[in-house]
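Protein chains in written order, with the numbering used here: chain S, 55 to 898; chain G, 131 to 406.
No lab work stands behind these hints, which were simulated from the structure alone. Each hint should be verified, as a subset may be incorrect.
Simulated restraints, written as ranges between beta carbons of each label pair [unchecked claim]:
no. : chain 1 : residue 1 : chain 2 : residue 2 : range
1   : S       : PRO756    : G       : HIS256    : 19 to 25 Å
2   : S       : ALA250    : G       : GLN327    : 19 to 25 Å
3   : G       : GLY144    : S       : LEU261    : 50 to 56 Å
4   : S       : PHE759    : G       : HIS256    : 45 to 51 Å
No more than 35 Å apart at the CA atoms, straight line, and that leaves these computed lysine-lysine pairs for DSBU-like [claimed, not checked]:
no. : chain 1 : residue 1 : chain 2 : residue 2
5   : S       : LYS393    : G       : LYS237
6   : G       : LYS296    : S       : LYS757
7   : G       : LYS237    : G       : LYS296
8   : S       : LYS393    : G       : LYS296
9   : S       : LYS703    : S       : LYS871
10  : S       : LYS809    : S       : LYS393
11  : S       : LYS757    : S       : LYS393
12  : S       : LYS421    : S       : LYS393
13  : G       : LYS200    : S       : LYS757
14  : G       : LYS200    : G       : LYS254
15  : G       : LYS237    : G       : LYS200
16  : S       : LYS393    : G       : LYS254
Beta carbons: idealized from backbone N, C-alpha and C, even for Gly.
Single-letter residue listing:
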Amino acid sequence: MFNLLIGLGIGSLYACLGAGLVISFKGSGVINFAHGAMAMYGIFTFDRAWSGGEFFLPLVDFLPTSTVNVPVRITLSSAGRWPMIPSLILALLMAAALGLAAHFLVFRPLRNAAPLGKVIASLGLALYLQGVALVNFGTSFPQAKSIVPTEAVENFLGLGKTFPRNTIYVVAFTILLGFVIWAGYRFTRFGLATRAAAGNEKGAVLLGYSPQTLAAVNWVIASVTATLAVIIVGPIQGTITPVGLTALIVPALAAALIGGLRSVPIAVMGGLGLGAVQTLLDIKRSDWFTGPALGWLQSGVRNTLPLVVIVVVLFVRGKSLPSRGSVVERRLPLAPQPKRIFEHAFVWLTFLVLLAFVFENSGARTKFANSLQNGIVLSIIMLSIVVITGYTGQISLAQMTFAGIAAFFTARMMADGIGRGANLVPVTGFGLPWPVAGLIGVIMAVIVGVIIGIPAVRIRGVQLAVVTIAAAIAMQSVYFENDYITQLRAGVPAYIKTPTFFGVDIGARSARAQNENPNFVIFGGIVLALCAIAVANIRRGGVGRRFLAIRANERAAAAGGINVVRTKLLAFAISAGLAGIGGVMLGFKQVEVSSANFNYGFGLSVLAFAYLAGITSINGALIAGMLLSAGALLPTFSNYMFAGTNIDKYITLIGGLAIIVTAIANPGGVAIFLSEPFRHAGNWLVSAIPGMQTIRHAFRGPKSFMVRLVLVVICVGLAVWLRQAQFVDNVYLWVLISVVGFLILGMIFARSLDKLEPSFAEAGAQWNSWFKQFGVTAIAGYAAGWVIWPIRVDSYSKLWMPIVGAVLALFVRSIVKPILSNRASKTHGSDTDSDVANIRTEVG
Amino acid sequence: MALLEARGLSVRYGGLFANNSIDLECRAGQLVGLIGPNGAGKTTFIDAITGFTPVSSGEVVFDGVNLNDKAPNVRVALGLSRTFQSLELFEDLTVRDNLLVVAQRPKWHSVVTDVLWPGRDERKYHSQVRWALEMLQIESLAEAMPSDLSHGQRKLISVARSIVAKPQLVLLDEPAAGLDTAESHLLGERLRGLLAQDMSLFLIDHDMGLVLNVCDYIYVLDFGVIIAHGTPSEVRANPTVIAAYLGDSAGEAQAREGAALLSRESGSDAQSEMNQ
């Protein structure tokens with residue numbers, strides 16, 4: 055009983071945040087994954103003002119220079135402190151401003167978007183705020199001061215124990231807040247209008263209320279109450295960190311779901327209850343969870359509770375098929391059939407070789423090799439998201455968890471009772487060779503994937519996202535951080551032995567323990583290529599069609615004889631399998647894996663970045679994994695390019711911003727922009743290299759098997775050749791020899807098939823016409839690189855910046871050109887998407 | 131021989147009987163119609179037959195098999211297929227893929243074969259799709275996206291999708307709603323054409339003209355109860371039907387007029403549905 059009361063403290067935090075989630079959901083139909091992050095920014099604003107006398111705008115200047123700077127940090131008082139009351143007001147104003155910004159800049163433009171788009175946008179917002187907080191406030195944030203008295207009450211309620219007084223205040227505050235919100239929505243005109251709009255938005259418009267104004271006010275209320283609650287309740291619950299506060303979203307969601315996303319009082323009660331039971335379990339777990347039957351649950355039981363609550367609540371309410379007349383699912387971006395795989399492979403390889411050349415030339419081989427290894431691993435995991443979310447339409451935030459299960463299992467299967475690496479305590483295992491161990495790991499990921507997929511049978515859309523993130527958190531503490539199962543002391547990683555292939559070391563590390571062994575890139579490249587081809591084949595075959603049918607319309611799919619349950623579980627199985635392969639590769643790459651590699655927060659950003667790159671295409675997965683993610687090629691490249699600015703630090707933030715823009719303006723993701731250039735690039739290369747056309751024709755002809763075999767041999771040969779590059783001193787010469795050598799090889803092969811097509815003359819003409827078409831843009835971009843960048847960046851690479859400028863100019867041209875020609879060809883009617891206009895057409 | 135049989139079928143939503151103890155029979159090779167005013171429980175009946183809404187009491191027997199505890203997709207596998215009033219096409223797939231995904235019956239190993247060699251055994255299904263598109267004379271639409279097509283064309287696609295797997299019985303939920311008189315007439319002809327292909331049809335519609343013209347046997351539903359059944363001429367002459375359907379005991383001429391009016395009304399319903 056006393057333990058339950060103690061838990062009301064953390065419970066009030068869940069309750070207040072849960073109430074805020076209910077409010078913003080009622081106001082605008084969004085489950086706001088950024089709720090915790092918004093409150094986080096508020097409390098940091100308060101704390102920095104109160105005990106630091108400074109104020110940070112929610113933005114950063116990511117290219118600080120001596121000449122032009124964006125104001126971010128404002129000093130309120132030179133004494134380094136500010137009075138409490140003005141600080142509090144400032145923080146609440148900041149929260150209100152964030153609420154308004156979230157509504158008008160993010161969720162209002164998305165009001166007609168698919169649920170996935172809204173989830174992604176709120177994840178983007180959370181990433182952005184987290185990134186800004188990390189840059190502005192730092193990672194080692196000092197303990198925020200509590201504004202509530204903290205002394206203890208002796209002999210509380212005659213129980214003979216001391217009880218912290220602040221818990222009493224805090225619980226009283228929570229209940230009061232819940233009551234005020236309830237009364238506000240129950241008895242005022244505004245509350246009535248909000249409830250009306252939640253029931254029927256169009257109806258509310260006809261009655262003379264603007265649902266958008268109502269939503270904006272609700273956003274402000276949600277944001278301000280969350281901030282106030284965290285300022286009052288947060289500090290007594292331990293250290294507040296940007297990441298930690300964002301993580302509070304899961305128990306808060308559990309509380310909100312207990313209230314059915316409708317009732318604030320029930321959500322408050324639910325939150326208080328959840329906190330109380332959680333604390334009780336926390337205190338009693340070493341008594342209750344013992345022995346072989348329950349002992350394994352001891353360390354994870356606390357974080358499993360929200361999952362259980364969420365699954366039970368949703369599963370009971372869910373239906374195995376959406377009912378008639380339920381709101382039509384908004385559409386996700388189209389998932390076109392993958393075509394021209396040959397050209398894509400060619401473009402990707404050319405691109406990577408060029409990039410290798412750049413890094414090689416800069417002497418940054420290790421950086422490149424490491425980011426390439428990262429990119430390969432992440433791309434495989436991104437492919438798993440394409441299958442589950444892009445094709446099947448199920449929002450899963452647990453992909454990193456599947457990867458982690460595979461990696462941890464592989465580590466354990468390979469362990470042989472000898473302590474290695476950071477963990478010198480011996481871990482028992484079977485000492486299996488890596489292919490077998492990896493396979494077992496992947497199979498385990500598939501099994502867990504199917505189990506986590508079971509709720510998807512009855513739970514859809516955003517609610518499934520909630521279930522999967524809860525599952526990810528539960529799995530993290532039940533398995534990855536549980537020494538009972540892993541035999542690893544807290545914070546110690548699991549060791550994965552280096553894989554070898556017929557005696558050749560294909561692990562990631564080189565002799566000097568850097569991630570630069572080129573064999574791993576070949577190994578990973580082959581695995582990635584096989585995975586990508588498998589996903590392409592799935593999309594082109596009947597299985598992919600069934601996935602897309604379920605994504606489009608579950609009722610119709612069932613009416614068409616598709617077993618919806620089995621197909622969804624199959625999608626989860628395939629996706630978890632792919633994620634598992636990615637996890638095993640990540641294990642081989644990292645050598646030592648810990649729960650931090652598979653953190654649920656990482657799962658959120660992986661999904662968001664997959665969406666940013668294009669969640670419905672294989673190209674998107676490759677772009678997301680290879681280029682965009684933290685540690686992949688683009689951040690590494692930019693880090694090198696903007697030497698000294700450390701762009702890595704801003705990747706979360708820039709990513710978050712880009713994700714929001716993508717969700718609003720371009721749901722197809724970056725891949726949409728690149729698909730045209732890719733197609734062109736493929737066609738160009740084929741039309742500009744003598745003999746390429748011949749090979750392409752033969753690709754589908756009677757000799758197709760032979761052609762494919764030779765191409766695979768050439769690819770592998772190229773890879774092996776690249777591997778040898780580390781022994782060459784003159785890189786320019788090496789690249790020249792490589793390019794010419796492989797071109798000659800290709801031409802000889804083409805000549806053996808048929809006459810060269812295009813011929814040398816045709817190819818030459820093609821080069822010439824390219825220059826006429828793109829030369830001006832490229833030269834202009836090159837010149838711009840010379841002129842513009844030095845103004846904003848103090849230190850930069852004189853050699854490569856102009857080239858980046860030229861590439862950027864070509865990229866912008868490829869985006870702008872079709873838009874301009876489109877606008878010229880047809881007069882586009884202005885967007886009449888205001889609600890009132892809709893209603894008029896409907897009534898009239 | 132009765133292909134589909136509903137025995138004392140009742141569906142309850144709370145205290146309301148949407149279907150109250152319905153006895154109904156569909157014979158093989160026949161086109162059976164079910165008519166009734168708005169809210170009579172027609173769509174609920176199809177939902178109950180195809181497993182989209184739970185049955186409160188009574189049973190559904192199809193081809194000698196009791197369907198009561200079978201999932202919708204199992205009923206489809208047994209040879210029972212349906213269309214939806216709101217069409218519910220797969221908007222992300224081309225028309226061809228819309229049909230292909232329904233025509234294809236996956237086997238336990240299809241994942242593996244698909245991953246290794248996609249489209250390996252699809253020739254059979256492609257010819258089935260061609261056949262279905264030809265039956266409704268919409269071959270030219272095969273590569274289009276459903277969202278680019280007119281309402282009438284979308285209707286035909288939903289019918290084509292329901293016949294592509296060559297089911298024994300097709301339940302059509304208001305296929306003529308939103309079509310004009312000529313289109314509706316054409317649809318009737320194409321439906322009769324399907325009967326020649328070893329297929330039986332069950333048709334729900336507001337359009338009294340269509341139902342009376344093309345059906346072999348007609349049931350009339352009102353407030354969840356079958357109030358009359360018989361051949362078109364019997365139903366046409368039935369005074370209860372006229373009273374229920376038109377609200378007065380008008381003669382046959384007026385019934386025609388009223389039916390035309392109703393069909394126009396249902397047309398505008400569908401129109402507003404599309405506007406949303």
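Tested hints:
Our hint of 19 to 25 Å for PRO756 of chain S and HIS256 of chain G holds, since their Cβ atoms are close to 23 Å apart. For the pair ALA250 of chain S and GLN327 of chain G, the supplied restraint of 19 to 25 Å is violated, since their beta-carbon distance comes to about 52 Å. The beta-carbon spacing between GLY144 of chain G and LEU261 of chain S, approximately 28 Å, falls outside the hinted interval of 50 to 56 Å. Look at PHE759 of chain S against HIS256 of chain G: about 24 Å separates their beta carbons, and that is not inside 45 to 51 Å.
A distance of roughly 26 Å separates the Cα atoms of LYS393 of chain S and LYS237 of chain G; the hinted pair therefore holds under the 35 Å criterion. Pair hint LYS296 of chain G plus LYS757 of chain S does not hold up; C-alpha atoms about 38 Å apart against a cutoff of 35 Å. About 18 Å separates the Cα atoms of LYS237 of chain G and LYS296 of chain G, which keeps this hinted pair within 35 Å; it holds. Only pairs whose Cα atoms come within 35 Å are accepted, and LYS393 of chain S paired with LYS296 of chain G is accepted, the gap being roughly 31 Å.
With a C-alpha separation of about 33 Å, the suggested pair LYS703 of chain S and LYS871 of chain S falls inside the 35 Å cut-off, and the hint holds. A threshold of 35 Å between alpha carbons decides the hint, and for LYS809 of chain S with LYS393 of chain S the separation of about 26 Å falls inside it, so the pair holds. At roughly 20 Å between alpha-carbon atoms, LYS757 of chain S and LYS393 of chain S fall within 35 Å of each other, so this suggested pair holds. For the hint linking LYS421 of chain S to LYS393 of chain S, the alpha-carbon distance of about 33 Å falls within 35 Å, and the restraint holds.
Note on LYS200 of chain G and LYS757 of chain S: the hinted pairing is violated, with a Cα-Cα distance of about 50 Å set against a maximum of 35 Å. With a C-alpha separation of about 28 Å, the suggested pairing of LYS200 of chain G with LYS254 of chain G holds against the 35 Å cut-off. With a C-alpha separation of about 19 Å, the suggested pair LYS237 of chain G and LYS200 of chain G falls inside the 35 Å cut-off, and the hint holds. At most 35 Å may separate the alpha-carbon atoms for a hinted pair to count; LYS393 of chain S and LYS254 of chain G meet this at roughly 23 Å.
Hints 2, 3, 4, 6, 13 from the list above are not met by this structure, while the remaining hints are.
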